[in-house]
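Letter 258 of the sequence shown, counting from 1, is numbered 258 in the UniProt record's numbering, and no numbers are missing.
For the record, the hints were derived by calculation from the structure and aren't laboratory data. Relax, there's no trap hidden among the hints.
Derived DSSO-like pairs (lysine-lysine); straight-line CA-CA distance at most 30 Å: (1) Lys119 <-> Lys29; (2) Lys32 <-> Lys213; (3) Lys227 <-> Lys5; (4) Lys5 <-> Lys32; (5) Lys227 <-> Lys289; (6) Lys5 <-> Lys29; (7) Lys289 <-> Lys119; (8) Lys19 <-> Lys213; (9) Lys19 <-> Lys119; (10) Lys5 <-> Lys300; (11) Lys119 <-> Lys213; (12) Lys300 <-> Lys289; (13) Lys213 <-> Lys5; (14) Lys144 <-> Lys99; (15) Lys144 <-> Lys5; (16) Lys19 <-> Lys144; (17) Lys213 <-> Lys29; (18) Lys29 <-> Lys42; (19) Lys99 <-> Lys119; (20) Lys42 <-> Lys31; (21) Lys289 <-> Lys144; (22) Lys5 <-> Lys119; (23) Lys32 <-> Lys19; (24) Lys119 <-> Lys227.
Simulated DEER-style distance windows between Cβ atoms: (25) Gln326 <-> Arg284: 42 to 48 Å; (26) Gly154 <-> Arg185: 51 to 57 Å; (27) Pro321 <-> Lys247: 15 to 21 Å; (28) Tyr44 <-> Ala148: 33 to 39 Å; (29) Glu248 <-> Gly4: 49 to 55 Å; (30) Asp184 <-> Arg288: 50 to 56 Å; (31) Ser274 <-> Ser306: 19 to 25 Å.
We put the beta carbon where it would ideally sit given N, CA and C, even for glycine.
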Amino acid sequence: MFDGKTILITGGTGSFGHKYTQTLLARYKPKKIIIYSRDELKQYEMQQIFDQDCMRYFIGDVRDADRLVRAMRGVDYVIHAAALKQVPAAEYNPMECIKTNINGAENVIHAAIDANVEKVIALSTDKAANPVNLYGATKLASDKLFVAGNNIAGGSRPRFSVVRYGNVVGSRGSVVPFFQSLIDRKADHLPITHPEMTRFWITLQQGVDFVLKNFERMLGGEIFVPKIPSIRIVDLANAMAPQLSIKEVGIRPGEKLHEVMCPGENSYHTYEFSDHYVIAPSIRFFNRKNSFDINALNEKGQLVESGFEYASNTNPHFLSPEEILQFNLEASP
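Just need the whole structure built from these sequences, with the hints factored in.
Okay, structure coming up:
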C-alpha cells in the first residue's frame with residue numbers, strides 16, 4: 001500500500017515517528033517519507049539514523065498553517081502525531097496546549113484538504129475518553145475535528161480517521177523509563193500514585209502496526225481502538241524491581257485511577273471486530289453511506305451491548321508480572 005507513496009508524519013521525530021519510519025523502510029519502498037517537526041536538533045539526530053534517499057526533513061510547526069500547506073504538496077498519506085502530551089505541563093500552560101493540539105489539528109485538516117491528500121490518520125489517547133485533564137480535553141476536541149473533517153472535505157479527498165490507544169511501553173516520558181532510571185540510580189523504593197491504578201499497555205511496534213493496518217481498513221470518520229492488555233501499576237513495579245519497596249505518593253492532578261478507551265455513552269455506535277473496536281461517528285455524513293459495521297477490508301463487526309465500556313480496570317486481559325517483563329523486553333529497542 002505504501003510502495004511508491006509519499007507519507008508525511010507530523011511530530012515525526014518522536015518515539016512513534018522513529019518506529020513508524022523504521023517500519024516503513026523495512027517493509028515498503030516509499031517514494032518519500034517527510035518528517036515534519038519543529039526541533040532542528042531532533043531532526044539532525046534522526047537524520048543520522050535514517051538517511052535514505054527517500055527521507056525528507058521539514059522544519060515546521062503544526063501551528064503554522066502556511067508551512068503545512070507547503071509541506072503537504074504531493075503527499076498521499078498523513079500521520080498526525082504532533083501534540084503536547086505531558087498532563088502537568090498542559091495544566092500549567094493551557095493556551096500552549098490548545099494552540100498545538102486543537103488549532104494545530106485544524107491546520108492539518110485544512111492543509112490536507114488543500115493538498116488533496118488521500119488519507120489522514122490522527123493519533124489519539126485513552127485520556128481523550130471522558131477527559132478529566134486539559135490534555136485529554138484537547139485531544140477529544142482534536143478527535144472531533146478529524147471526524148468532522150470528512151464533512152468539511154465533502155465528496156472529495158481526503159478521508160480522516162483516528163487511532164486511539166493507551167500507554168506505550170518505554171516511550172519518552174512514560175513510567176517504564178522513569179522506574180528504570182530510579183533503579184539505575186540505586187533508589188531504595190519506587191513511587192506509585194495509587195496501589196489500585198490500572199493502565200492499558202501496548203508496545204510501540206504494536207501501535208505502529210495498528211496504524212498501518214487501519215490505513216487499509218478506514219472508511220473515514222472512525223475512531224479505531226485496539227484490543228490490548230491492561231496492567232496494574234503495582235505489578236509493573238514488582239516486575240521491574242522486586243527487591244525494592246513501594247511508596248504511595250498519591251494521584252497527580254488531572255490523573256485518573258483507571259483509563260477508558262470506549263466510553264459507555266458511545267456504546268450505541270461502537271462496533272466490536274476480532275482484534276479491535278470502532279467508534280463510529282455520531283455526526284451524519286451527507287455525501288456517503290453512514291454504516292461502519294463493515295470496513296474497507298470487508299471485515300465485519302458487531303454492535304456492542306448497550307452501556308458497554310472498554311476500561312483498563314474491567315479489561316478481561318491483564319498481564320502478570322512475568323508477562324509484563326516479557327512485554328517490556330519485546331518493546332526494548
